[in-house]
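> Chains as they are written, first to last, in this note's numbering: chain A, 1 to 349; chain B, 1 to 349; chain C, 1 to 349; chain D, 1 to 349.
Calculated directly from the structure, the hints in this document are not laboratory data.
One or more of the hints may lead you astray.
One copy or any two copies: either way a pair holds, since identical chains are not told apart in the list.
[Unchecked claim] Derived DSS-like pairs: lysine-lysine, alpha-carbon spacing no greater than 30 Å straight-line:
hint	residue 1	residue 2
1	K327	K70
2	K148	K344
3	K19	K6
4	K202	K6
5	K6	K335
6	K19	K336
7	K327	K6
8	K70	K19
9	K344	K6
10	K344	K19
11	K202	K344
12	K344	K70
13	K19	K202
14	K148	K70
One letter stands for each residue in the lines below.
There are 4 protein chains.
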Amino acid sequence: MIIIFKSGATDEQIDHVIKRVEALGLQAHLSRGTFRTLIGVIGDESLFQPEHFQAVPGVADVIRVLPSYKLASREAHPQSSVIEVGGVKIGGGYIGMIAGPCAIESAERLDAIAGAARAAGANILRGGAFKPRTSPYSYQGMGEEGLKILREIGDKHGMPIVTEVMDPRRVELVERYTDMIQIGARNMQNFVLLTEVGNTNKPVLLKRGMSATIVDLLMSAEYILARGNPNVVLCERGIKGFDTQARNLFDVAAVPQVQGLSHLPIIVDPSHATGRPDLIPPCALAGVAAGADGVHIEVHNCPEEAMSDGPQALLPEQYAEVAGQIKKVAELLGKKISNVAPSKAGTSA
Amino acid sequence: MIIIFKSGATDEQIDHVIKRVEALGLQAHLSRGTFRTLIGVIGDESLFQPEHFQAVPGVADVIRVLPSYKLASREAHPQSSVIEVGGVKIGGGYIGMIAGPCAIESAERLDAIAGAARAAGANILRGGAFKPRTSPYSYQGMGEEGLKILREIGDKHGMPIVTEVMDPRRVELVERYTDMIQIGARNMQNFVLLTEVGNTNKPVLLKRGMSATIVDLLMSAEYILARGNPNVVLCERGIKGFDTQARNLFDVAAVPQVQGLSHLPIIVDPSHATGRPDLIPPCALAGVAAGADGVHIEVHNCPEEAMSDGPQALLPEQYAEVAGQIKKVAELLGKKISNVAPSKAGTSA
Amino acid sequence: MIIIFKSGATDEQIDHVIKRVEALGLQAHLSRGTFRTLIGVIGDESLFQPEHFQAVPGVADVIRVLPSYKLASREAHPQSSVIEVGGVKIGGGYIGMIAGPCAIESAERLDAIAGAARAAGANILRGGAFKPRTSPYSYQGMGEEGLKILREIGDKHGMPIVTEVMDPRRVELVERYTDMIQIGARNMQNFVLLTEVGNTNKPVLLKRGMSATIVDLLMSAEYILARGNPNVVLCERGIKGFDTQARNLFDVAAVPQVQGLSHLPIIVDPSHATGRPDLIPPCALAGVAAGADGVHIEVHNCPEEAMSDGPQALLPEQYAEVAGQIKKVAELLGKKISNVAPSKAGTSA
Amino acid sequence: MIIIFKSGATDEQIDHVIKRVEALGLQAHLSRGTFRTLIGVIGDESLFQPEHFQAVPGVADVIRVLPSYKLASREAHPQSSVIEVGGVKIGGGYIGMIAGPCAIESAERLDAIAGAARAAGANILRGGAFKPRTSPYSYQGMGEEGLKILREIGDKHGMPIVTEVMDPRRVELVERYTDMIQIGARNMQNFVLLTEVGNTNKPVLLKRGMSATIVDLLMSAEYILARGNPNVVLCERGIKGFDTQARNLFDVAAVPQVQGLSHLPIIVDPSHATGRPDLIPPCALAGVAAGADGVHIEVHNCPEEAMSDGPQALLPEQYAEVAGQIKKVAELLGKKISNVAPSKAGTSA
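Construct all of the structure, not just a fragment, from the sequences and the given hints.
The following block contains the structure:
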């Protein structure tokens, strides 16, 4: 931690700060410059809240040197984590291929989509039973009935499943059905929900909020890790931008940034990041080329009849094409796509 | 709703869209331009989900003409709403003056702050018992004990109280103690929580999310209104910006924008919007001059000892100065500050 | 300057940096923390380019403590500057009221607008002769003929004039006609143009670029000051935001931020900041309430016939109303509107 | 064009608009909806300025259906353009590999860098002789002396050259020396400069401004095309974002967005987009995987001694590694890297 004083800070103000630093059991290393005075704080930074010092008279700024996340940091865990989702590996050289419809609509439709997605290369099936919708008048999902369908179809095709939870009162319910719990972008800083999923031991797919910095994302992961659940996969899914021709702004550089700071895997979601079928394949490839540990793509066999977010889904044949290219780029970078269990469905694979 | 076709859309594609529009009981009004064809959809737009049409082959874009929020719109309710919080009016010419510490720390401290804030012109007391903190290691609030203190001190000084709820399981608890329930910026799109507070009849202070558009904010208000609770006060508290010298970017134009689209009152929170005591007074005055229906400012009598967010609080004497100026600007615009009940504290007022 | 080392920096790397610092005639003050090592650099920071050190092996970050602008800083010139534009004062308690059409279209129209604007309280007349248009097919302005008209009409109404220059080859021409030279937002970092207007001694109205930080703006002012022209007035005119319902995002907090860092006056331009007549008056008042040293508003007597940017202009009667309110808010803050010379037009004032 | 009326628009207002549309020789197609009335304007949209209608009483909004750029649009030129730069092709399946130092510092240093870059796979040499610097006190470049060195070293290594021009008065000078003229991000809307380079027939490398939308970028290209110069290559080099851990926000989705709207090639510049050597290789690969027609990377053999922007350069050996991977990703997508002429330098290739 570095404390920088205002140009007119008095000796009393500087002494007051030094005493407060020392009272915390830390050392204060004073540097008086020609124009500015600063203190380097030495010792265990976790004892120190920068905001306590920012409000002290005479202080201009307090700069953190160490990250405020610990368990999520690469310093704490230099090797890249590999997270297993029902036998499918994500991270550390393994690419997760998550695919499926935005919302679960019926067993028949999900079965058709899952079969096609698996045949095309997907290894985890997604589908929403509880949908966060900006309008109270939009379709809100099938609820527990949807969870049952997702479990059944996932099992049929030998694919682990992931689905979103929005309500802390339903974490236990969702946990019972699913292999991986998704926290949506709008809930990335729903600390109550993060704490609840941290109390489970299911893998968590944590999506980046639309105005979250990389550090904000890692702090939210820290909430889950701090409760004892180490199985967190991060997801870049587009942030807010000023050009509204695409739905969001796909921040592909978030992938290597996260990988530099943290051991946790990070995947990309070009469906939500762009909201446009023409942009999904190039952004999916861009994500993998940048080092992403997986790709999350919405797939639907009839986008115009989708109950939710049809325009951001690929058709199964479009998915098959991009999945093939993803595989080649991944191999070029020395990575592989984790196998799934044998399918119990006669028709697929 | 206007549906615009791609330049190469075929007659079959156009006919297919017209049939789907008519199947919804709406009329399709076709215009074939030199370069582009478009359909004006006529009838009750609430029957229509734009996304169903965006995914249809041949369609380039679907443009909404009517807002997707209804109850929150000024068209539905041309007169500005006045929301009463424990006898204090906000909106329709009445300015709410919400003040208090970020977190409730002790009865003694809150008592001192409340007395000073009321004497300075505040008419609603704020204080956090459950704190949304970006770090799991930061102070998380006093919980129910804090709610009791807030109630007691509010009553003593004759001030209605407002406090944040983060957990849908605690809405009932918070509702029992408080006069107004706050939904924080990070929970603006926590639709589960919005639904729960919509089920109460307490006034709700709904803070704008850091990447929420004006329409997003009104859609979140619509969630509360649609559950039957009409008592919503909106709050501009800064959005995400690219210049990190201030904590957030204070979007003062949100005030007249909201007032043009909606009948709901909107207040400003320069404490969170700027995070800097030097910027709070000018931004508070700017908000009122732009037409805001109230001002939310954090006040603390010893910022450097605050458990949370000390740097964004004003000292009581700083608050008194800006509150005096706010009153003058409000009067200049023909508005007044709603009176509070007589204080039961001998020392204040 | 503070140089922070990576956690694994070697002693050789640290020594290498210390030697480079000392070779510049500066002192390096080393602090070895438990987790990180850092160096406080002491001496004249202007001898030091941070980027030279950012690329050195072992260095994690280099943090500037002093601003990189000097002449524009309040530390260099603690008293607020008052800039005189043809006898009209801006800054230090004087409010500049700049008004006029986007583009000069004819002497008759400008005469009518100028007369009305002056009668309403404007003290400087604006009008564009060279227009920066995003489309090469849009109206580009009257050129020198427009400058002549602007000079003539300004003189008739006793109002100093301001107009934009876009081409360094025309600075001399524009300088000959005008009392104040405007640098538009898109040219804020056109360093060639900044250097040319810095070589004149005319007051310069420097508009903030749409993605410029406050420091970027002050660095651009520094370009002008460094050439010997101290007469710079800054202008907040909206930055790029994610909500496209208004044209730009009016950053009202820029006003007190600039005033804290710099002695230069700063005015606001709600016409360009919002692009909507309904938002111009509230944002104009907000700017003055936040401490702005002036207001720039486009005024046109027939917006629907304007050659450029009609929708962001007020009608003369709308301008008169907001100008009256601006005056009251300014007086409330102890400021006044500088008088203009007597008008030579029988009809105005 | 679609003109949407406010809900309370009167018949007189609607008639007035219809008459104005018809006066332009266009047809007005009226649709009266239950809640809103709109007009579809049919005919040649280039006769129509939306802003003339936005300011008309009763009008709520005017929506463009056709793009305002014409020559740059893919509709005008369905086949992807291939731009030749001194024999090196960019676009239409050919990848341009532009590399070199930020600033030209000396013939010896440039010779060493150029030889290494060419050997690693670069086919165009870059180097700045006129540098746009945010500080007037930073190094501003070698000027014409630098142009001579760049020409000489490019010729020696058989590499065409590209360099930036900032001043319209120097376009002729720069044109004389270089094979391709660069317009920097800060000058993307310097319309005077765009017009001047449009008057030459040299290929132009047009960098996207930090707050420019895709349409803004294409409109700036249109300025050049409209003057008769069809040789424009666009460049995504990072836009302004809210997370300051990287220098800018690399908008990789801009690549397929531009390619959908325009026939012009678009390359990526991960050096400026990220400003961090650790992020340059992953973002370079991401860009190519997303379909970019080339990659612009700064290369320096001693970043810590660079006169400008050392931290965003790769070492020659780092460049060689990423260039090899770029080649593989390009081949995977069916593209190739255009050959350069035989080098005249004994040491390189």
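> Provide an ascending list of the numbers of those earlier hints which the structure does not satisfy.
1, 4, 6, 7, 9, 10, 12, 13 and 14
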